[in-house]
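There are 2 protein chains.
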Amino acid sequence: MTTARSTDPMPAADLYDVLARRRDVRSEFTGGEIPADVLHRVLTAAHSAPSVGLSQPWDFVLVRDESTRRAFREHVLAERSVFAAELSGERADTFSKIKVEGIVESGLGIAVTYDPDRGSPAVLGRHAIADAGLYSVCLAIQNLWLAATAEGLGVGWVSFYREDFLRRLLDIPSGVRPVAWLCVGPVDALAETPDLERHGWRRRAPLEDVVHHDKYRRGEPR
Amino acid sequence: MTTARSTDPMPAADLYDVLARRRDVRSEFTGGEIPADVLHRVLTAAHSAPSVGLSQPWDFVLVRDESTRRAFREHVLAERSVFAAELSGERADTFSKIKVEGIVESGLGIAVTYDPDRGSPAVLGRHAIADAGLYSVCLAIQNLWLAATAEGLGVGWVSFYREDFLRRLLDIPSGVRPVAWLCVGPVDALAETPDLERHGWRRRAPLEDVVHHDKYRRGEPR
Chain A
1 MTTARSTDPM
11 PAADLYDVLA
21 RRRDVRSEFT
31 GGEIPADVLH
41 RVLTAAHSAP
51 SVGLSQPWDF
61 VLVRDESTRR
71 AFREHVLAER
81 SVFAAELSGE
91 RADTFSKIKV
101 EGIVESGLGI
111 AVTYDPDRGS
121 PAVLGRHAIA
131 DAGLYSVCLA
141 IQNLWLAATA
151 EGLGVGWVSF
161 YREDFLRRLL
171 DIPSGVRPVA
181 WLCVGPVDAL
191 AETPDLERHG
201 WRRRAPLEDV
211 VHHDKYRRGE
221 PR
Chain B
1 MTTARSTDPM
11 PAADLYDVLA
21 RRRDVRSEFT
31 GGEIPADVLH
41 RVLTAAHSAP
51 SVGLSQPWDF
61 VLVRDESTRR
71 AFREHVLAER
81 SVFAAELSGE
91 RADTFSKIKV
101 EGIVESGLGI
111 AVTYDPDRGS
121 PAVLGRHAIA
131 DAGLYSVCLA
141 IQNLWLAATA
151 EGLGVGWVSF
161 YREDFLRRLL
171 DIPSGVRPVA
181 WLCVGPVDAL
191 AETPDLERHG
201 WRRRAPLEDV
211 VHHDKYRRGE
221 PR
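So the protein sequences, as listed, match chains A and B.
What the first sequence shows, in full-length UniProt numbering, is residues 1 to 222, in sequence order.
What the second sequence shows, in full-length UniProt numbering, is residues 1 to 222, in sequence order.
Keep in mind the hints are simulated off the structure, nothing from the lab.
On a predicted model such as this, the values are computed, not experimentally measured, just so you know.
All C-beta atoms in this analysis are idealised placements derived from N, C-alpha and C, irrespective of residue type, glycine included.
Some hints could be false.
So the derived label-pair ranges between C-beta atoms look like this [stated by the list, open to error]:
| # | chain 1 | residue 1 | chain 2 | residue 2 | range |
| --- | --- | --- | --- | --- | --- |
| 1 | A | E74 | B | G89 | 45 to 55 Å |
| 2 | B | A20 | A | S67 | 29 to 39 Å |
| 3 | B | G89 | A | D65 | 37 to 47 Å |
| 4 | A | R162 | B | D117 | 46 to 56 Å |
| 5 | A | S67 | B | R204 | 33 to 43 Å |
| 6 | B | S67 | A | A92 | 46 to 56 Å |
| 7 | B | A78 | A | A84 | 43 to 53 Å |
| 8 | B | V82 | A | A84 | 19 to 29 Å |
Examples of chain A residues lying across from chain B (beta carbon under 8 Å, computed) [what the hints assert, rightly or not]:
| # | residue |
| --- | --- |
| 9 | L77 |
| 10 | E90 |
| 11 | D93 |
| 12 | P116 |
| 13 | S174 |
| 14 | H213 |
Here chain A stands alone, though its shape is the one from the complex (with noise of 0.2 Å):
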């Protein structure tokens, strides 16, 4: 980990305030490290996620090198290539204008992983859904970039891999299953509306939309 210190204690946060401000971040990353005991405070909120059989099945490594992380923002662009190869018209005009990644700016590269065999044989609460470990790993996930928009710093999820590629940049051995790569940092602000938004790709839908009662709602796809 980074030895450098924060000046500031432990920020008092607003739950709601950083529920609000939670962005995905691609391009407002300054490059600044991130002082220890912020990283700490941020792994920490991550590890008390609730896990299914409290069988805790993360993994976070923190990926500084870079050499690493400049191999890694290759192959996420050749995949973006992949993606853009699959739009037409006004998609891929839209597309053309959004960045996918921060993994070189952001300075460090999370990647989070889910070992299956932690807790095991008998995890309890996983013998009729096998997911459900993998669920738990998102939890963690959603945690940390809780507790990062808290301390000031931007989290970017990215996504555009392939799984293989990540395990073998970073010696994940077989049985463990590569969940996400985030890109963490210090930010200049956070930007009020999502990129996606912004850019035209998506707009938020209302939250009526997603609630039913008692039985699920058959409607129009959305």
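Position chain B relative to chain A; hints supplied.
Quick look at chain B alone, frame taken from chain A:
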């Protein structure tokens, strides 16, 4: 939604405090009603989660109907027995003391689902990782869990069920996947220690065990 109104304003809850107090609740539900404005804030928190390609692929089925909740509970208890039958010795004894659901006591079930067609066919960020949409749903669940904790509610994620059973029970379309059943309601208190740790099922691991630097560190299975 319930028409009861809360007399309290929106609570100012510190994020780190909420992260630490959050528990997976089984036994502490009072059976009280959730005020409509409180439930609206909790669902709004869930709906403000990040999602791949801004697809917002989640739905929330609010289940108040008691016969539906009782039918689900019967199914869950049967699945509890399926898991119990896999155990022997100390594991069987320890599990016998552990409550796995509060479906009827909590007063409200929230079934959370994943719709892969939301925003399709070209979901930005999902071409290489099909499960990215499923991950988004879990981020929404964690937002919901934290907001509920801030509001003095308990949440208990039940995962002793078969997805097909829940799909039929709530009339969920075949292309939509049930991800969670959350028991939600007012609680007497939140336990200081997770139930599974208190009952001796499993202990929380130190953060150091799950943090790696630049490469995944191979170690003993934990």
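Verification of the supplied hints:
As the Cβ distance of A:E74 to B:G89 is approximately 52 Å, the hint placing it in 45 to 55 Å holds. Checked against the hint of 29 to 39 Å, the pair B:A20 and A:S67 passes, with Cβ atoms roughly 38 Å apart. A hinted range of 37 to 47 Å holds for the C-beta pair B:G89 and A:D65, which are about 46 Å apart. At roughly 24 Å, the beta carbons of A:R162 and B:D117 sit outside the given window of 46 to 56 Å.
Taking 33 to 43 Å as the suggested C-beta distance range, the pair A:S67 and B:R204 conforms, at roughly 35 Å. Between B:S67 and A:A92 the C-beta distance comes to about 51 Å, which sits within the given range of 46 to 56 Å. Taking the beta carbon of each, B:A78 and A:A84 are about 49 Å apart, inside 43 to 53 Å as hinted. For the pair B:V82 and A:A84, the supplied restraint of 19 to 29 Å is violated, since their beta-carbon distance comes to about 47 Å.
Hint status for A:L77: violated, given a least beta-carbon distance of 13 Å to chain B, over 8 Å. Proximity of A:E90 to chain B is violated relative to the hint, the smallest CB-CB distance being about 11 Å (cut-off 8 Å). The interface hint given for A:D93 is violated, since its Cβ lies 13 Å from the closest Cβ of chain B, which is over the 8 Å cut-off. With 8 Å as the threshold, the beta carbon of A:P116 stays out of range of chain B, its nearest partner Cβ sitting at about 11 Å, so the hint is violated.
At a threshold of 8 Å, the smallest CB-CB gap from A:S174 to chain B is about 11 Å, leaving the interface hint violated. With a cut of 8 Å, the hint placing A:H213 at the interface with chain B holds, because the nearest CB-to-CB distance is about 5 Å.
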